[in-house]
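As you go down the protein sequences, you meet chains A and B in turn. Count along the first sequence starting at 1, add 484, and that's the number in the numbering used here. Count along the second sequence starting at 1, add 58, and that's the number in the numbering used here.
Just so you know, these hints were derived from the structure itself, not from any lab. Everything numeric in this text was worked out from a predicted model, so none of it was measured.
Label-pair ranges, simulated between beta-carbon atoms: (1) Glu-112/B to Thr-635/A: 49 to 59 angstroms; (2) Glu-188/B to Gly-707/A: 30 to 40 angstroms; (3) Gly-220/B to Ser-541/A: 25 to 35 angstroms; (4) Gly-660/A to Arg-154/B: 51 to 61 angstroms; (5) Lys-561/A to Gln-192/B: 39 to 49 angstroms; (6) Arg-91/B to Glu-519/A: 18 to 28 angstroms; (7) Arg-82/B to Arg-523/A: 24 to 34 angstroms.
Simulated pairs of lysine-lysine, BS3-like, Cα-Cα distance not exceeding 25 angstroms: (8) Lys-561/A to Lys-120/B; (9) Lys-708/A to Lys-83/B; (10) Lys-561/A to Lys-83/B; (11) Lys-562/A to Lys-120/B; (12) Lys-95/B to Lys-561/A.
Short derived list, chain A residues pointing at chain B, Cβ under 8 angstroms: (13) Val-500; (14) Leu-507; (15) Gly-508; (16) Arg-515; (17) Asn-538; (18) Ala-540; (19) Ser-541; (20) Asn-543; (21) Asp-545; (22) Tyr-546; (23) Ala-547; (24) Glu-549; (25) Ala-550; (26) Pro-700.
Note that beta-carbon positions come from the ideal geometry of N, C-alpha and C, so glycine has one too.
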Amino acid sequence: MTTPENKRSDRSRDEVLAGEYVLGVLPLPDRLRVEHRLRTDKAFQEIVARWQENLASFNDDYAAEAPPSWLYASVEKKLFNTAAADQPKGLIWSSLAFWRGLTLVTMSAAIFFAASAGGLFHKPAATAPLVATMGSANSSISLVTLFDRQTGRLKVTPVAAGAEKSKSLELWLIEGDSAPVPLGVFPDAGDGSIVIPPDMRNRLKDGVTLAVSLEPFGGSPTGKPTGPVVASGKIGA
Amino acid sequence: MAANDDRDEAEVARLIARVALADRKAFAALYQRTSRKLFGVCLRMLQDRADAEEAVQEIFIKVWNNAGAYRADMGRPMTWLFAIARNHALDMRRRRRQASVELDEAGEIADPQAGPEETAVMTSEGRRIEDCMQQLEKDRADAVRSAYVEGLSYLELAGLHGVPLNTMRTWLRRSLIKLRECMDR
Numbered sequence: 485m486t487t488p489e490n491k492r493s494d495r496s497r498d499e500v501l502a503g504e505y506v507l508g509v510l511p512l513p514d515r516l517r518v519e520h521r522l523r524t525d526k527a528f529q530e531i532v533a534r535w536q537e538n539l540a541s542f543n544d545d546y547a548a549e550a551p552p553s554w555l556y557a558s559v560e561k562k563l564f565n566t567a568a569a570d571q572p573k574g575l576i577w578s579s580l581a582f583w584r585g586l587t588l589v590t591m592s593a594a595i596f597f598a599a600s601a602g603g604l605f606h607k608p609a610a611t612a613p614l615v616a617t618m619g620s621a622n623s624s625i626s627l628v629t630l631f632d633r634q635t636g637r638l639k640v641t642p643v644a645a646g647a648e649k650s651k652s653l654e655l656w657l658i659e660g661d662s663a664p665v666p667l668g669v670f671p672d673a674g675d676g677s678i679v680i681p682p683d684m685r686n687r688l689k690d691g692v693t694l695a696v697s698l699e700p701f702g703g704s705p706t707g708k709p710t711g712p713v714v715a716s717g718k719i720g721a
Numbered sequence: 059m060a061a062n063d064d065r066d067e068a069e070v071a072r073l074i075a076r077v078a079l080a081d082r083k084a085f086a087a088l089y090q091r092t093s094r095k096l097f098g099v100c101l102r103m104l105q106d107r108a109d110a111e112e113a114v115q116e117i118f119i120k121v122w123n124n125a126g127a128y129r130a131d132m133g134r135p136m137t138w139l140f141a142i143a144r145n146h147a148l149d150m151r152r153r154r155r156q157a158s159v160e161l162d163e164a165g166e167i168a169d170p171q172a173g174p175e176e177t178a179v180m181t182s183e184g185r186r187i188e189d190c191m192q193q194l195e196k197d198r199a200d201a202v203r204s205a206y207v208e209g210l211s212y213l214e215l216a217g218l219h220g221v222p223l224n225t226m227r228t229w230l231r232r233s234l235i236k237l238r239e240c241m242d243r
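So that you can see chain B by itself, here it is in the shape it has in the complex (with noise of 0.2 angstroms):
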């Protein structure tokens, strides 16, 4: 399974050179290739068909427009594609909704001094996210896997989880932090 991974990121990037030298057929092979993934992606985070169609053709217009930025050494074709897929989803669910939640929930920035367990420290060798996972609390777990799968905010999580947003906020910076910490370690 590996190998065949291997083999089809491989072939993404390649296509994605290909795109970035404006070659139509590629970026067609690419389509091909990685619509169905992406079209996942804005069906799970959108919720609605229609939405999910529209930001899928937006999706394949930045790849077109943007291919010459793929960099290999920033992380593999398909987590660059899927970046992509999820930043635009997440931006039409945010746009989408009403300007007094985004007010109540923009918040301060990250202060995680806050938190004892500050003491990143880079390494390159990292472990499973799942392994890390399994770490956290379930209910945090949950929350910060719903937050990427779902692309809820934490004014949504607070709601689905019945805590103050301010608590949830707490919960997945601190579960962040663990994170990172375990997959450095």
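So here's chain A without its partners, still in its complex pose (with noise of 0.2 angstroms):
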């Protein structure tokens, strides 16, 4: 049945489709067929991101035009004048109310030493856990930090709930005014905790920057912070 053959027949055939969708010569019934496929077929979704790249050229030829000026007034009533609606509660990792509960500013850190048993409120021995709580000054939300030396093993704990389908959250290190360093996207479902590379561990330490970023899922494209920065904080303030 998968034959290569098919395979490659099968892909053309999806390569046409996307190109007629991206074009719009598709009428409604088959429009529909493709935008329900589109919700679930990843593979599918690329072949029509691809089209629509290759022919963004095109859009070029729309003149463009300032809409009347009371449009906006109009869009914004039709948006926030209505009840707000209900959002569904899931796991913090894709509860939209969290994201939006969090404000954009650096957040205020409060960072403590948890020392193992014995040796609470004393200095930290090497291998104790490092722990930071990331919140943000205008919302109940905050991330508490567990860094565990040696296993290399971080965790982030949201401690009131909330987020965003198809985001994802990357933690990143920052060290002085250098650029941000990716530490790890976190999965989106699952306990919060990421495992850091083992080069990167001897660098979480007093004095560096946490931060913690919306991406697009699966992580920043570039390398670096894309989204915005949701909460941050400094190990050891």
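Two chains, two separate frames, one set of hints: put the complex together.
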């Protein structure tokens, strides 16, 4: 069934169908079928996105014209004067309320060292986990970050609910004025822990800043933060 | 120019990311920056000012609601916004036409096996579409472009070019295959 030839033919058929969809020549029932498929078929999404990008220079043919001045107010009224839609409650990582509750300002961070059983309130041993609480001034939400030097595991736990589908949270290390260095992308489900790459572990120390940004699903495509920073805090501040 | 465009795209991407976080100021800024272009799309495709005004409002409502779905790795932000606008205008165009026309037109799904030129090989390097368009016969290139820009359906294109519907369908499908091959080359 899935001979290479069949596959190639399916692929070619999909290329044409996606091209027809992007050109816009399909009749409505076919358009709707394509849109239905786009919701779940990642490979097909990519074929369509590629056509969109390939044909994007045709967009230059559209002459820009200012819409009437009343129009923006009308959009705002339709969007914000209506009762807020109920947000489905779900995992913290996929609930919109969480993201909407966070402000974009850099947050004050409360950092403390959690000592192991006997060492409470003592200067921590080198192996004690580092704990940072990253929160936002205008929000009841914060992220508790726990870094275990021995295993290299850094765990972030949101302490109040909320997140947004098809986005990922990416953790960054900022040393002084240097550009942020990516530490990893949090999985969109699970307990919010990621393993810090071994060569980065020693760089997590007092005085450096940890930040979490909102990125396209799977993490920043550029290696630098592209989305807003939703939380940040300094270790040992 | 390219550097300006890049900066512009980066700013639009930043605004979309903030709109995803329900930032109304960013939404207003995004509207300021892009509404002229998107209104231009609606005017051209719908050929009716009142329809275009309605469409552009609905488009920005979609942008607000779907900003979180934008993925930078799936294309540039302006391309994404144009796609939302064009798709919305296309749906409006198709919906306001009569059902009988749609029935006539609802064709079989593409079967490119009919053509010999079907060895699309995926490569990351794409060629400029304009170069590839020049390799198509002029009337076919015109049909491709007006399909995209005006939102014309197969039936409308067939009428415009004075060819049977099936001929137009074959023209465009073969043109798409040629374009894909050319850009992958």
